Every structure is written in structure tokens, then in C-alpha cells.
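Chemist: Below, each chain spelled out in residue letters.
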Amino acid sequence: MPEEILVMKDVYKSFQSNHVLKGVNLGVRRGEVHVLLGENGAGKSTLIKIITGAYAMDKGEMIWEGKPVRVTGPIASMELGIATIYQELNVIPELAVYENIFLGRELKKGGKFGMLDRSTMIKQAEELLVRLGQDPKLATVQLNKLGIGQQQLVEIAKALILDAKVLIMDEPTSSLSGVEVEQLYKIVEQLRAEGMAIVFISHRFEEIQRLGNRITILRDGQGVETVEVATTHQDYWIELMVGRSLDEKFPKKEFVRGEIGFKIENFKVTANSPALNMEVHYGEILGVSGLVGAGRTELARAIFAADKRHSGEIYIDGVKQKITNPRQAIEAGIAFITEDRKSEGLLLDLPLDFNVCLANMKAFKGSRKLLNPAKMRKEAAKYVKELQIRPGSIELNARNFSGGNQQKVVIAKWLCTKAKIFIFDEPTRGIDIGAKVEVYRLMNHLVDEGALVLMISSDLPEILGMCDRVLVMNQGDITANLPIAEATQETIMKAATIGA
Amino acid sequence: MKKVLTPFLSFALVSSLFLAACNDDQSSSSGSNSDADKNVSVVLKTTSSPYWKYVEAGAKKAGEDLGINVTIVGPSAESEVIQQVNMLEDQISQSPDAILISPTQPDTVIPALERAAKDIPVVLIDSDATFNGKTTFIGTENFSAGQEGGKQLANMLQKGDKVVLISGALGNPATDERIKGAKAALEEAGMVIVSEQPADSDKTKAMSVMENILEKDQDIKGVFSANDDMALGVLRAVQAKNLDIKIFGTDGTEEAVKSILDNGLTGTVAQNPYNMGYQGVETAVKAISGESIDSRIDSGITIITKENAQEHLDFLKSISK
Amino acid sequence: MSELIETLKVEKKEQGWKKLLSKFGSLLALIILMAVLTMTTDKFLTVSNLMNIARQSSINALLAIGMLLPILTAGIDLSVGSILAVSIMVMGIVSVNMQMGAVAGIAVCLLIGAGFGLLNGLLLTKLRLPHPFISTLGTMNIARGIALIITAAAPIAGFPYLVQFLGSEFVGPIPVSFLLVIAVYIIFHIFLTRTQTGRYIYAIGGNKEAARLSGINVDRVLIIVYTISGFMAALAGLVMVGRVNSAFPLAGLSYELDAIAAVIIGGASFFGGVGTVWGTLIGALIIAVLRNGLNLLNVSADFQMTVIGVVIIAAVFVDVLRQRKSKAN
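Protein chains in written order, with this note's numbering: chain A, 635 to 1134; chain B, 13 to 333; chain C, 84 to 412.
Think of the hints as simulated: they come from the structure by calculation, not from any bench. Remember, it's a predicted structure, so these values are computed and weren't measured experimentally. Please note that the accuracy of each hint is not assured.
To be verified - Using 25 Å as the maximum straight-line C-alpha spacing, the simulated SDA-like pairs for lysine to any residue come out as follows: (1) A:Lys1003 <-> C:Arg295; (2) A:Lys656 <-> A:Ile872; (3) B:Lys217 <-> C:Arg295.
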């Protein structure tokens, strides 16, 4: 058995009275992909932050290459040989690729105060890019000209420059398209083969199965178990994660197709984009699939009038609608759960009840046109209960909730508007499996109640598992309209990539 | 809990330390005479400029000589009008035996002074205000100061020469009066006033104003400025063009007097700020003991030119120690 | 499960404490400050001095509550000092120079203030100037310029009694201006906590894009915000005129900075969405008490500036510490 390069022993950490880690153990070997699995709030991020020196542990031990070490801060952790790639990339878009790679450790000619040694940096950057299977010419390209996937590779290159021995990757594939994901997998496999230890945080079981060697599962701040990927089944992992067995990952029900509730006609997002037509029935969950950049989010934003559309009509219940700003969209009964909860959905530093009631505040006016806070609290409390938002304190600011619960807060906001047309943009991205199932149940509940749902998702199993029909978008156009019976990974991918 | 409180406590501590530290540094002085229980509050336009330091020095000296407590306060800049009103109110609430004040915007202090004047003598220095119960006003006759300066400048020029007037901030009564006086004297002597422009009592502004004037007309022979700072600004503009222009300032600041000695400025109409401070306190004490006071006291002016500049400089140095 | 409930309860209790402190932290600072002053000077804790403070704080308190709104939306209003000046100069022209009476003067004063505020709002939302710092910096200069031009920089004195009422009268020992402050603050409290527009102000400061996508007419709310700020500047000017019975064009010079200081000391965040009416009042009082105390101690003006600078930094630092704590959780 190869030796464990990094061992975390019996780690405790609490914030005031909130015990986040209660005796976690983790051992990472050279040349393995070690998956950290657990629901949001299970303590993964805290553990990572302790390893990278952002937090100090209350109790416990960190052993590096067999010797106990004390990591006093991020720099100390980096000097040991630990590099981290966070979900939010830590790059400077305005700088060139090589400048990003050498950021903070620029090479200089002639000592500390010398001039930058530009040519050597570019040369080394080119070598790294080749090692990562990229075009070396990218070294001098400005970073923001690259896609997210390539930007992430720059982060990996930064780790390689550091000569990192342990690479921590926090949900690295969550914002990548199919091709980019595949490229990342290959690089991870290559790094593993070179002997690097990789700590991989992921909620996607397919990728865990493909890449992972071992999994350490966390639940409620405790390391429940470390298992071999090859010899265990994912149902067992889920059981360890949630502490109970989930009946099904995708709780899809039979649906009853109602009238056409929502329709767009000759709908052009921009002057140059194709004219789109779409009909959605009440009671239906319509999946919108496609690669990143296929124009799905743009379409959703144009429907909701978050951005101005070029031309085209929107019909609801057969009646032409005038929708030129979000207010009108909301009044027409449309809800738009955006992809980016934090920057577009939530008021992070304001309390839950405020967030929930925000889009329908006029409903809470009492006497003399004044708002009735008690009524707002009551409404929020209702949704907290209905959607099982935890913790259930309506005075808590949105920032303090985990990703899954934040998503529920956003959904509660739209339920509060009594909408009947729900557009979900990547509703389960970055939330844990338990919360995902709750979001799915909620969608089922919505269509049961007679609403209709458009779900934009890059997660194919989710599309196949939850939808009644699938639209595929490709370069701004709708290239397929598949009943669920005809939809498979292959048919969808084909429509998504033709001509692309 | 403790951790949360710490910042607040340290905050309070910092402030109290400051208060304690500053407290020792009061600008009050007291003698050992029998009048030691008398308090005179002096509220200046500001305590942060040389001119007002002379006033302060005079008032202090009078306090020492007469053996009374003199408290001198003033905002950090002349533009802080309401802050001066606040300071005045705060002084009144300490119930002094007399108030000495030099109002930046005379109208603003009238309500407070009218109330104070019911109980105690109120002496105005440098700038006047009109209200019931005022004891007296001690200050330069700005019109005649300007007039004297204008006459002096005219004596050095030929009839029909072009002259420029540089005034202070628009609406400042003291500088306006000086300019009026100078204008009258210069016109009477047959000078041609080609330009009259405000430079807000500011050296840099005066410099650019003068530069602009010289752009249009290099045939200027004399300049009268409503204060010395502006005169010095004008001087820089003139020197840059290598022109021979007679420049007269007003106030008699140390810098201006030095410039006269260095063949820079031609002359200045020196006010007697030290006198205002000294006489002010002296008069206030007389008023406290019930003596009758003239309603207008001229603190006088001195025309400074190269002949008497050294003498005046020595005097300024002796009082600003 | 019962364990979970237990921890939740404990958490809630702690939150209660912290909430109390974060709400009344600046109040505590004010009380300590007053205690220190009471101990160091015997003139501080007298009715007449406390009423002095009430009067002296009222102009800044009125400006600060107007300033709170832009800051809540993550904006700023640099023009309030200049708007104050132009409003009172026009009032002087109307009710003194033109003898059109007090009511007309007051009405024109408030209208001019609101008008300049409206202009700020329109510049920001319609011309899409990138940040209110820029639009209000522009109006700051424009308004000050107009204030100087319209009377050729001359001050105006001799206002009718009604104009002076707010700034100079007393009810018993209490200055009317301070009663006005209390009334205005109560109205603002209700406005910000209990009306739709008031809550939208917080929402926009919290997350402008999320607010827009929640159907809020962001432009409309911003225009209202700056209009109110301008109106409050004019109201503060009215009080100032009453207090000193004169209007002068350099009135309110750099007052925007004191108003911003009060709002920030009161716990509002420059990033928007966070801040309360009562915090702002306490901020304004802290500044006034500090100035008054330093005057009573005959501390020179230069030292006063230094002390106030330290207090601003200390107050905001306390806030930073507090937020760092809450985010670590």
C-alpha cells in the first residue's frame, strides 16, 4: 500500500457553539484521487479550509509525509506543497495566461528587485500548457479570452509551478461543458499517474465512479467511513451520506398533460439569433439541454425580460403578453430561478423573510399601505416548513444558509409570487444530493398543482430522470424536441453538437 | 461576549485618552493677581493661520498682564462657519465674564450674541456685527486701510497708469471694504483700473488670476491686493514674466514683510492683529468692571515699505514666540 | 433531533445577544463617551449643554438621515452640502429680498432641494453615469456655483419668524430643531421598515441584480432615494437659517463628509443593504457630543479634527471586526 502523504487525525472545529467538525479523519495517498463526499454542511469546506490554512483547527493533528506539522496560514500550506482549486476561480481576467500562472512568484532577472524575466516565464508557461495538452500559444493570450475550462487549467498550471504534491479540487466540473469535463478528467488521470495526490470534492456520481480511487464520506462533521470506489455501490455511499437510504435519485411521477400554458413565437433573442418557437403544457416538466454557451440562459433571460429581446411574442394561456421588464413577467405569472443564486437570486446580507417576500411585497400591505412584518414572517415561516429550509430561523441572513437551502429560499421567493410558469436555470448545481431530491420533489409538486416547469440543465441524468420532454439547444437554435421516450444521452448529445 | 465587547471598550479608551491628552494643552493662561477668578472667552475665525496667531498672542499677553483667565478657541478653517457658532455656544454655556469674538459670517452669530449680551460684555474684534447690547468693536477701518494703501501705491506711479485690484472671497465685507477704499484713492489720483477680480484670499488662485490678466495686458504698472497672501501670489506671476510692477498687499504678515525686504512686494498695509487681541481683552476687563467704553475702537494701521520693514519684522518675531 | 433543537436554541440565544450588541454597539460607545466627558468636565452634564448638543447635532442629523438612503443603496450623495446652500440662498431671495413671505420661501427652499436631488437621480439612472459619486460630485459643484452666483456671494439676513421657527425656537428647554429631528427619524424608520419602497431600498443595496430580477423598478427607487436626500438637505438648510438667522453661499461646505461619517459610525455599510435609522442618529450624536466635549475641554480645532478622524476609523474598524466574526460562522 502506498504511503499516505497527508493525514488529518481527529480534527475538531467549532464556530462559537456551532460544532462543524467533530473528529474527522482523512488520509490521502500519493497517486490517488481521493473523493470527499458529503451533503452541504457536512463539513467538507471547513476541512479543506483547515488543510489550506484558512482556519486553525481546535483539536487534532495534521501529518505531512509522516511528520506532524502545524499549518499557520495559507502560505505555510502552499509551501508544504498543497494547492487548491476553488469553485470560484482565483484568476485575474485582465492578465495574460503566463502572468496568471506566475502571479505572486514572478521570475526576475538579477535578484529580488530586478526586472521581470518575461521570456523565461512565457517559455515555462508554454511547457506547462503542452504538459496539460494545450496549445502553447495560449501562454500570452489574455485570460478572459479563454473559456471557463481553460481558465481552470491555468489554475492547475499554477499548482504545477508550485510543485504541489497534493492538489485539492472543489467541484471542478460544476461549471464545465461536456468537452471541457472530458479534458479535465484526462488531466486529473495524468497527474495521478505522475504520483500527485488529488483530493476531489464532487456530488456527481458518474465522475466519482470514473475518477475516484477512494471516498471519505462526511456526515454532520464526522468522517463516517472511507471506502474503495471499485468495491462499493453508490447506493451505499448515499446511505452513508444522508444516514438513511434514498428510495430514488429522481422521484419522477406520471404526469397529466394539460392545456398549452406558455408559448413563444418567432422569438429572437438578438438580431442575429434564429427565430424560436416553443409550447409548454401545464403539468409538464420541459427539459432544456445543450452545451454551455448554447444560448439557453440567454433565452430564459429574454423571456423573463431580464435582458431585452430583439423580437417575438410571448403567449400565456393563449393571450399575447406585453413583457418588457421583470415586473411585467412576474405579474404575468413567470418565475425565474437564476443559475447564480448568489449574484442574481439572493440578498445575502438580509434575512430570510425579506428574501422570501421580496418579489411579492405588495401582498403584505396592511393598514395605511404599510407593510405588515408579522404577515411576512408568517409567510416565510410557512415556506420554511413546507420546503424544510434549515436552519429554520427566518431572521437569519441568507448568507448563513448552505447552498441547497439557499436554493430553497430562492424557490420560496417565487412560490410566494403565485407564479404558474417556472423557469429553473441549473437548479441543482452545487447542491448536495439530499437537497437535489427535495428540489425535484418540489418540481413534481409544482406540476401536480397545475404549474409548468422549464428546466435548463447541463446534467443529462437529471434531464432524463425528471423531464417529460426535452428541448435541445445548439448555437442559439432549438435543434431537437424529444419526448422523454426518445431522449437518450446519445440523441441529446447529437442534437447538442451537430455543426458545433 | 468578552471578545465582542473589547473593540467598543478600546474605542472608548482611545477617545478618552485623546481627551485627557488634549486637556493639558489648553490655551488658557492665568496670572496670580486678584482678578484670577475672571474668565474671558475669545472665539476667533480660526486658530490655524499666522494672522490669527498674532491676535491670539495679543490676547494671551493681555491675560498675563492683567492676571485673568483667557480661553481662546476657533475652528480649524475660516470656512467652518457653523462650527464657529457651535464653539461660541459652548463657550457661553461655560458662563464666562466676557466674550471676545471675531465672526466669520457676522449674521450667523447674532442670535447667540444677543442672548449673551444681556448678561455679559461682548466685544467684537477684526470683523463687526450689528446687534443690541454690543460693547464695542475693535478693528481696522478697512476702508481707510485700503485708502491709505491706494494712496501710497499711487504715489509711486504716474497719472494714467494701469492698475489691478485683487479682492478676497465674494461677499467678505473686510476685503470688499479695503478694495473700495483703494479704488477710491487710486481713481482720485488718476489711475486707470483695468481689472478687479476676486481670488478668495488664496495665494494660488491669485497667481492664476494674475497670470490670466497678464496674458491680456502686460502694460500693468500696479496691483493692490486685499490681503498679503494674494499679493504674494500676484508677485510670483509677475516675477515669472520678469515685469516691473508695484504690488501692495494688506495685513502685514511675516512672509509679506520678508518679501518687501527681498525687493519682492512694494509694500503692505499692516493691520495690528496683536493689538486687537490685546486691546480686546483689556477692553473686556474694563467693561466687566463697569467702565464706559467707546462703541468703536480703531486698532490702527501701519504702512510698511522697505524703510520700516525690518523693524516690523522684529516686532512680529517677538510676539509670535 | 432533540439535540439539534437544543443547539438551535443555544444559537438563537447567542444571536440574540450579538444582535443586541450590533444594534446598540454604537449606543454603548456614545454612553461611554458621555460618561468620560461627565467625569472630565463639570460643564458637560448640564441641561443647557445637553440642549446645545441637541441643537448642534440637528443639522447634521437631518443631512445624515437623507444620506443614509443613498448609502443603503450602495451609493453616495456628495452634493447635500451644496444643495443646502443653494436652497437657502433661493429662500433668502424669495422671502427676504423679494419679500414674498415665509411660506413661499420655505416651499421654494424644499422644492429646490428636492429638485436637485431629482436631478442627481436622473443623472444616475437616465444618463447612466457609472456611479453616484460622479453625478453628485457634479451637482455638488453646480449647486455651490449657483448659490454663489445668484446673490453675487452676498449673505442674506433678516428672515421672517416662521422661517426661523424650526432652528431657533424652544419647547420648554428642548429646541424645536431636535424635536423635528426625532419626528423625521420616526418617519424614516417607518418608511424604511414598513413601506414597500423603503424595503426595496435595502433590497437594491443588498443585491441590485437580484432586486431587478425580483421585479423591482430599480431606477424609480433610486430616483426617489436621491430626491429625498436632496429634500433633507434643504430641510437641514432651513434649520440652519433659523439657527443663525442668515443664509450665506458657503453654508454647508463639506457637510456631506460629516453626514457620511454619521451614517458610517452608525453602522451602515458602504456596500449597501445594511444600516439603520437609529444607528445614524447615534452616529450624528456621537459626532456632536465629541465636538461639544472637545470644545468644552478647549481642545484646539486641529486636535479635534484628528480625534474625529480616529473615531471614524475606530467605529468602522469595530464594524469590520463584527462582520468578520459573523462571516466566519
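Chemist: Taking the hints in turn, state whether each one holds.
Modeler: Going through the hints against the structure:
1. A:Lys1003 <-> C:Arg295: The hint holds at about 22 Å.
2. A:Lys656 <-> A:Ile872: Holds, at about 20 Å.
3. B:Lys217 <-> C:Arg295: violated, 47 Å
Of the numbered hints listed earlier, the single one contradicted by the structure is hint 3.
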